[in-house]
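Fit chains B and C to the given chain A structure using the hints.
Residue numbers (my numbering), protein chains in the order written: chain A, 13 to 341; chain B, 119 to 420; chain C, 1129 to 1454.
Check before you lean on any hint, since a few could be wrong.
[Unchecked claim] With a straight-line cut-off of 30 Å between C-alpha atoms, the simulated DSS-like cross-links for lysine-lysine are:
1) A:Lys195 / B:Lys306
2) A:Lys166 / C:Lys1135
3) A:Lys32 / B:Lys306
4) A:Lys167 / C:Lys1407
Since the hints were made in silico from the structure, they are not lab data.
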Amino acid sequence: MAAEPTLLEISHVKKYFPRKKPTFRQSQEWLKAVDDVSLTIPRFYSVGLVGESGCGKSTLGRTILRLHAPTGGRVVFEGQPLFDMEGKQWLPEARMRDLRKDMQMIFQDPYGSLNPRLTVGQAVEEGVARHHVVPAADRRAYCEEILENCGLEKKFYMAYPHEFSGGQRQRIVIARALALKPKFVVCDEPTAALDVSIQSQILNLMMDLREELNLTYLFISHNLRVTQAFCDEIVVMYLGKIIEQGPAEEVCSHPVHPYTQALINSLPVSNPWETKPKAQILGSIPSAVHIPSGCRFHPRCPYATPRCQEDEPAWKDIGGGHCAACHLI
Amino acid sequence: MSKFWERLRAFHGRGKLEGEYVSVANLSWRKFCRNRLAVFSLIVLVLIAVISFLAPLITPYSYSEIDLTLARQPPSPEHILGTDEYGRDMLTRLIYGGRVSMTMALAAMLLQLVIGVVLGCLAGYFGSWVDAFIMRLTDVFMCFPFYIMAVCLAAIVEPGLKNLVLIIGFLSWTGICRIVRAEILSLKENDYILAARSLGIRPGAIIRRHILPNILSPILVAATLSIAGGIMSEASMSFLNLGVRTPESSWGNMLSAAQSMQALVSEWWRWVPPGLMIVIVVLSINYVGEGLRNALDPRISN
Amino acid sequence: MKLLEVKDLNVVFHTILGEAEAVRGISFSVDRGEVLGIVGESGSGKSVTSLAIMGLLQRKKADIRHGTILFDGQDLLSMPEKQLCQLRGSRMAMVFQEPASALNPVIKIEKQLSEVYKLHEPARAKTCHSELVALLKRLNIPDAEDVLKKYPFELSGGMKQRVMIAMAVLCRPDLLIADEPTTALDVTTQAEILELLRLVQQETNCAIILITHDLGVIAEMAQRVIVMYRGKILEECEAESFFRSARHPYSQDLLNTRPEYFSGRFTSIEGSIPSAYEKLTGCAYYGRCRQAEPRCAVRTPEQIQCGDGCVCCLKYETGEGCTHGG
Chain A
13 MAAEPTLLEI
23 SHVKKYFPRK
33 KPTFRQSQEW
43 LKAVDDVSLT
53 IPRFYSVGLV
63 GESGCGKSTL
73 GRTILRLHAP
83 TGGRVVFEGQ
93 PLFDMEGKQW
103 LPEARMRDLR
113 KDMQMIFQDP
123 YGSLNPRLTV
133 GQAVEEGVAR
143 HHVVPAADRR
153 AYCEEILENC
163 GLEKKFYMAY
173 PHEFSGGQRQ
183 RIVIARALAL
193 KPKFVVCDEP
203 TAALDVSIQS
213 QILNLMMDLR
223 EELNLTYLFI
233 SHNLRVTQAF
243 CDEIVVMYLG
253 KIIEQGPAEE
263 VCSHPVHPYT
273 QALINSLPVS
283 NPWETKPKAQ
293 ILGSIPSAVH
303 IPSGCRFHPR
313 CPYATPRCQE
323 DEPAWKDIGG
333 GHCAACHLI
Chain B
119 MSKFWERLRA
129 FHGRGKLEGE
139 YVSVANLSWR
149 KFCRNRLAVF
159 SLIVLVLIAV
169 ISFLAPLITP
179 YSYSEIDLTL
189 ARQPPSPEHI
199 LGTDEYGRDM
209 LTRLIYGGRV
219 SMTMALAAML
229 LQLVIGVVLG
239 CLAGYFGSWV
249 DAFIMRLTDV
259 FMCFPFYIMA
269 VCLAAIVEPG
279 LKNLVLIIGF
289 LSWTGICRIV
299 RAEILSLKEN
309 DYILAARSLG
319 IRPGAIIRRH
329 ILPNILSPIL
339 VAATLSIAGG
349 IMSEASMSFL
359 NLGVRTPESS
369 WGNMLSAAQS
379 MQALVSEWWR
389 WVPPGLMIVI
399 VVLSINYVGE
409 GLRNALDPRI
419 SN
Chain C
1129 MKLLEVKDLN
1139 VVFHTILGEA
1149 EAVRGISFSV
1159 DRGEVLGIVG
1169 ESGSGKSVTS
1179 LAIMGLLQRK
1189 KADIRHGTIL
1199 FDGQDLLSMP
1209 EKQLCQLRGS
1219 RMAMVFQEPA
1229 SALNPVIKIE
1239 KQLSEVYKLH
1249 EPARAKTCHS
1259 ELVALLKRLN
1269 IPDAEDVLKK
1279 YPFELSGGMK
1289 QRVMIAMAVL
1299 CRPDLLIADE
1309 PTTALDVTTQ
1319 AEILELLRLV
1329 QQETNCAIIL
1339 ITHDLGVIAE
1349 MAQRVIVMYR
1359 GKILEECEAE
1369 SFFRSARHPY
1379 SQDLLNTRPE
1389 YFSGRFTSIE
1399 GSIPSAYEKL
1409 TGCAYYGRCR
1419 QAEPRCAVRT
1429 PEQIQCGDGC
1439 VCCLKYETGE
1449 GCTHGG
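Bound-form chain A, shown alone:
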């Protein structure tokens, strides 16, 4: 694919949450949810962000959109810096609110992300009215059309969210985000709460809308199979850091980092007669307060060497845009 111009540039973004300080302890402890992440998202690309829960992928998505206050780093959207903590640049809150028209988010839980007291129409109209996407007189018709494009008939316009199934609610959430005609959409596990039969409806809808509206997606998921199918590029995160990145097919068929390999081997088989190598990952993800030294994956890594405990592995390019951070490459 020819190099598209960069839409979003994330450099050295950090997000630390303060831990409650024990009464007689001096030092403040930090939960390092996102620890120095750099990523460039080209226009019209779908980038998949995968990892276990607790690896900081949702926090990264929200920090980029400034829904969390960042601890460090810089995010530039279409040449406009949203924040640059080192350069002490900070886009004023009011300007940021205007800019949100171009950067939207689709949430994981379709039950929690819709206000139960607003009708479907009100929910979709709100953002459209805020950003004057269309003249006030056309607003209703416009929102009805958007909803219809997302697979919801006109007659649902005055209904409340609790009258819908999970899949229909997720359509409303998508319609609400896309009614602003955004350029960039962060999808935070958009299908994790849905049934399998509904999941593919929603994914197809999102693929079609990407084509039609020229969207760029950051697709956050823990489901590697879905991400592989949906995205152009896959980024694997572990304990707040990116450990492998590359074209989706390439990462899934030839994973180089032991963690990515373990993720893929953990997937259940497709059919009972198939066999797969046993996943060789030990224990569970450590807390992000006490991050292991050296390579953060070494306590769970089946191939760990003494060197892994001391040196942090460098970012290596394996060719074809496929990079990873591991001493064993």
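Using the frame of chain A, we list chains B and C on its own:
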């Protein structure tokens, strides 16, 4: 219209609305109606309110006209609940008293609602130093005993209906304020607040459209309960002669007028009816409040 | 004798919105030592079925209209609550989807585990510490001593689910019902939990009813599969023949929606499952079925014996197409 949109429409989710359409309000009403005690209490309250506000039309006597020849008469066909020490008809005074007591409690409730909700919203939504300041303020208000403060204030300002409302309102907003703040703190964790922020909605609009409607039920419940509290406070204050002044009647000052040993021992009709009314109204309001809370809480479904 | 036999079970919920028929006459059985997978979307009645077996449905709200549940020959539905309590936890046990909410947050793990002994084998309750450690070790739980001393909030989600499974198999039950045991967990933890369930099954030779909507979990674990939809069993067969050549159109569609069969577009099932309040005529899957015929809208299909299982679809009424691999 492109072919693409037609393809999209082809896989519309089948509607769930073909069945009966049930709105939130309708559902809440049905739930409320299932609670017999609450419905009965509501009917009692409405009845008392209607009778009180139609007082001049119903009552044959004047509540203030003194006729000492008729003083302290026990109940009789002319005076169903007897008369007080100045010969005024007790039933008439009871009905007029209900009007005063209930209006007062309602007004005090509205006042504390306004103060409590505004401060609670500010504290809960903005957090940090705003929250710390408002919470310390409520702590200050809460650590003074209510009646001592109320008696002091009533002694300083002129006792009377209006001042009583102001005193009760200014002293008891803290409960509602803390409820509102706590509700907002937990509501803020909801994704739809985050969604509203990510849509670029301004804080004022988020509070107005997304937060307040969703904490309506705890506010409503706190409000009903504070009406009950208001009636009690009015009764106590009037009982201490710091509230509604005679000849104006209220349930509280009717009780206080019957404070003598003689009245308590041998003139039961002077203190039982107002006391009973307070008990009935406060109980009913509490039952209605509880019924409302259950009806408005989507987590409780019977 | 089968370990568990459910016959013509029908469960109705009385709610403020009206009557909801959650389970509409299902029959199935479980053999000793067998892993039975129940697949279905949310709203298909699979969890209600498992709660009915455990006798955990609230009697006020849920009404078991008719049907029998025989556990080892005893009728569970007519059994007094006291006897049922004896059975629950010792001979049949359940693992829930949310381990976080199934454990009491203010009681240490050890006490919660020994509670089970206290109820069913009081003599052993006092001296069970070493047994508990041994059990956790057998279930591959690292630092067993340490885990026992902790409170639930100190454990990760996967560890909590392991403790739940340990609690369930403490008294070596004959039947373990696992209701979406891995849905709330990561893939890596899911693999471990499935491994653990396999180990438990080998060790105690208990039968497992595994309820899930993830066909991958079924492929990994189950020997036999039941497909539920809107309170009915649409298909029942051996796991292998289910994945090779499922017969019911719904099963076929479900198999096709798996993301690993992606080719440019995800295969989807249109529409959504009809709500439990709707009165149904004809086949429940009619509105979404790609192979539907006009008669499907009016005639309710019966369960038909077919190959190594049964299927509930008018297509197979004549007995044609029942052989597998054809």
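Cross-check of the supplied hints:
1. Note on Lys195 of chain A and Lys306 of chain B: the hinted pairing holds, with a Cα-Cα distance of about 27 Å set against a maximum of 30 Å.
2. Distance hint between Lys166 of chain A and Lys1135 of chain C is unfulfilled; the C-alpha atoms sit about 44 Å from each other, more than 30 Å.
3. Only pairs whose Cα atoms come within 30 Å are accepted, and Lys32 of chain A paired with Lys306 of chain B is accepted, the gap being roughly 20 Å.
4. Pair hint Lys167 of chain A plus Lys1407 of chain C holds up; C-alpha atoms about 22 Å apart against a cutoff of 30 Å.
Of the hints listed earlier, the one the structure fails to meet is number 2.
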